[in-house]
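> Chain by chain, the residues run as shown.
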Amino acid sequence: MSTPYALHPDKLYRKCDPAEFSFTTTEELDGPLEITGQQRALDAISFSVGMQHDGFNLFALGPNGAGKQTAIMHYLEDMAPLAGVPDDWCYVYNFEKPRHPEALRLPAGMACSLSAEMERLVEALFTVIPAAFSSEDYQAQEKVIRETFQEQQTAAIEELEKRAAENNIALIRTPAGFAFAPIKNGEVLKPDEFMLLKEAEREKIEKEIAALKNAMQSIMAQIPKWQREAQDKIKELNRLIAGFAVKPLFAEPGKSYSTIVQVTAYLERVENDIIEHFDRFLEKDSSTQELLPGLSVMKGNFFNRYKVNVLVDNSRSTGAPVIIEEKPACQNLIGDIEHLSQMGTLVTDFTLIKAGALHRANGGYLLIDARRLLLEPLAWEALKKALRTRQIRIESLAQLYSLVSTVSLDPEPIPLDVKVILLGERTLYYLLSSYDPDFSELFKVAADFEDDLHNTAESRLAYARIIAAIAKKDALCHFEKTAVARIVEHGSRISGDAVKLTAHMQSIADLVHEADYYTRRNNRRHVTAEDVQMAIDARTVRASRIRERIREATLRNTILIDTASEKTGQINGLAVYSPGGQSFGHPGRITARVSLGKGEVIDIEREVEMGGPIHSKGVLILSGFLAARFAIQQPLSLSASLVFEQSYSGVEGDSASSAELYALLSALSDTPIRQWFAVTGSVNQHGEVQAIGGVNEKIEGFFDLCAARGLDGKHGVLIPAANIDNLMLRAEVVDAVRAGVFAIWPVSHIDEGIEILTGLPAGEPDPEGIYPAETINGRVSTRVQEMALKLKKFNAESKGKAE
Amino acid sequence: MQHQENRNRETPPKPERYVIKSIAVGIDCSPHSMASLKAAAELAARMNAELIGIFVEDINLLRIADLPFSQEIRLYSAQPESMSTAELERLLRMQARQAETSLQHEAEIFRVHHTFNVRRGIVPREVIAAALEADLLVLGRSGRSPTCRKGLGSTARSALSGSTKNVMLMRTGFSAEHEAILVLFDGSEGSKAALRIALSLVRSGNTLHILILPQTENEKATLEKELSKLIPSGILRVEYHMLPSVTDSRIIARYIRMADSGLLVLSDHMNLPQETVHSLINEVDYPVLLVRNQSS
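Taken in order, these protein sequences are the chains called A and B.
Numbering-wise, the first sequence is residues 0 to 802 according to numbering that gives the first Met the number 0.
Numbering-wise, the second sequence is residues 0 to 295 according to numbering that gives the first Met the number 0.
Same shape as in the complex, but just chain A:
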């Protein structure tokens, strides 16, 4: 197998040529922010927005900062104005069932005018009604009714009094009622005078008085009836006068809303209620003179019933509403019924009904962050219920959970027609799909945003446009094309792929802002590539504390990493650390030891439960490779142990499996490995080296250590050949390679790698399957045979002794 060549410096970094940009600075780029490379997601958005059927709500999934919201808003900004402006909604008092406020639907912009009109009307009633009831005409009519009643009563009693007088009997008012008594010369007969009368006379008087008493009783029985009649007449008169005063005030609003049947009916009910309660409008002055403020509020509450609680006002809307709910708590979504504290109790009425985001977005679009939504208690269930029933029913959480036991309201539900767009990570989407049966019913469309874009001229120009848009929006310095090119290169580095650009626009926006900071500090008008580089470097430095500490420990030989000698069964692996979002690589020593055994490779990391399953899998794969290559003729009679030296926090991933295999081959062949190399790459059972992640960080990690110790031209890193396209290395690394003091070796097979690492050929088997003696494979094969024989001999001796 031929040994691969070290990579040419040009392969280590894909430059973005500023010359490909036709602009000088981003100031020349105009136009809206275009989203590129997300065609699949954009098609899904377009489909969801266009579908009018139930359940075709949208879930935009992708990593945070991928520009999901921007893409959706960009689309909706074009689409929403084309849709019609939805109707206004308001709540009004329900005169028949006060606990169930009535929802009124009005054409856009009319709810507020109805509310203002009702305010004016009620204010006017405080003048009109008292005026009507203080008119001479009303006073006279009322007086007539009262006097008629009085006269009726007086006439009946006077007649009785007259009848009594004819018999010398007087009707006298006692402290508690009435009494009849015989009189003489205007005075009541004294008892002794009465007793002196003849018996017949006394009997006559008593009989007459008894008859008068009966008559008086029947008159008194009639009085309540007359009183009621008089009251009814006064009530009728009041209705007549109030109706006459109130009717003209309702003529104007009645005309304005004559085409809206629901409002006309409401106004009619208001008119009747005002006529019924006209007396309330006569008490305005007294209500303001309450001694206790709480009581005056309660009294004032009566007039709330004529208010209009405008829930949704679309008077200024130009199309369908697009609402972003930043805090999707249950009450912020479906609305709430607030309470006032009055005299130590909680009271509410329909004017305290508060609209939710669903009300505001009704007829349009509602964007919610899925994670925030799921974190709010009951909010997800409330949203699903609203979407499923296609109506917004406001329920007080406190009432639902009996946290308060005051009288509350049950407002009439409002029909819902909204497109809900959830934005969230992929994990959330897959979890909801798996565990919530309602989810797939209600969110039938997924807009899956890509993590990265193809590194094409089009996407590079899109980057430039995004930078221009950010600079314009946030009033930043505009970027020179060299700066844009540098950002494009960084975008490629973030994506970890030279042929891709990251779609994580938040990272790009952050870099744009940071670069602007250095431009201003350097008193430059436009952002240059140097400013961008300063921002990148500064960011790296800010996050470099742990990396620096590890490197320092290595340079002081606290962590043992050999980069100069040759050692058997020892190799430099490469690991990536990602504390706080910033990744960096660092070498780690891997060692292998072999002994006689039963053909097992002991992964010490796994034995002590510090190795993850993928790492263990990698070790088992390399065991498979060894067995397949060297244990065809005889059993693998060895025991090998592998370990990451000085690793205290666990190992995961299979990117070190090739390094482990090299260490094992070195130990088995008793051939030293050149420690000035570091290795990364996973391996399969055929010995092919496979791609790994974080290749740039790993190479830079080893380079930094070697550079700190002094590069002598031997140092280099073996990487999987499949990772060549991912290389976007730092300028220092590229320069060192160009200077010939550092090298990157692309390796496709384990045999290529072992040759570079040991300087010996790997060795090809002859037709009988025998490897040449002075090759690595030959040495391993011989060692394996020797060990098998030793074990066989040992077993035979043991058996003999036992017998």
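Quick caveat, the hints were computed from the structure, so don't treat them as lab data.
Since we're looking at a predicted model, the values are computed, not measured.
Just to be clear, a hint being listed does not mean it is correct.
To be verified - Covered stretches of chain A, as calculated for chain B (at least 3 residues, CB under 8 angstroms):
(1) 184-192
(2) 210-223
(3) 729-737
Note that beta-carbon positions come from the ideal geometry of N, C-alpha and C, so glycine has one too.
Chain A is fixed; fit chain B onto it per the hints.
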């Protein structure tokens, strides 16, 4: 009726001060008597007079209770109940205490000196007797009458016919202090005395209505001239209502109702017959002050 307003006439002499040193008021706790008490207290405060409250335990009631068949029909049940003298006396004492409390209350408000007098006997007779020393007797137009009549009650009627004192008959809904005053003037000494009292009672800002009753058409000018001497200029707002020559109390009552003023001040020593005056008082549903003697 002709209306004229007092404007720029020659300065008349100051009216004579009519002195009322004590005011008796009959209290039976009826609404009209409460209005009387208030009016009496107002007047007493204005004139720095003593207020004498009179409560009479009706002997007729006590006699009824002693009769063998005595029963009363209760107001709120319309059922006949036996009457007991002890119970009746207890109730009368309670009413007397209520009357005294009301008197004290009004006296405190208006800061007037007051006394309270409880008597037992025939009510009109006792009231008139108790008011003998007073300069003015104030009564409700009707008391605790069974018929709720519009006209005068028996005590008020007795006070008109059986007393020589000045009598004020009040009714609910009026105040002696804050209302306009209407005075009947026919040039007689009695009407002049009434005018003097009216002038002393009317508050600045309130209107004094003068209903001029000429006996003949020719007398109108004379009466106007006399009035110009009696009415002080500038301070008061005075409205004159010249009536044609009439003697029918119902017609005069109609004019009074048209003027729709507050207290009606008149005398029964006018050119009109006394019966007409009494009949007029019975006719109008306004508070009335009947002036009978003059003081200076």
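> With reference to the structure, classify each hint as holding or not holding.
Verification of the supplied hints:
no.: 1; hint: 184-192; verdict: holds (count 6)
no.: 2; hint: 210-223; verdict: holds (count 5)
no.: 3; hint: 729-737; verdict: violated (count 0)
In this structure, only the earlier hint numbered 3 is contradicted, and the remaining ones agree with it.
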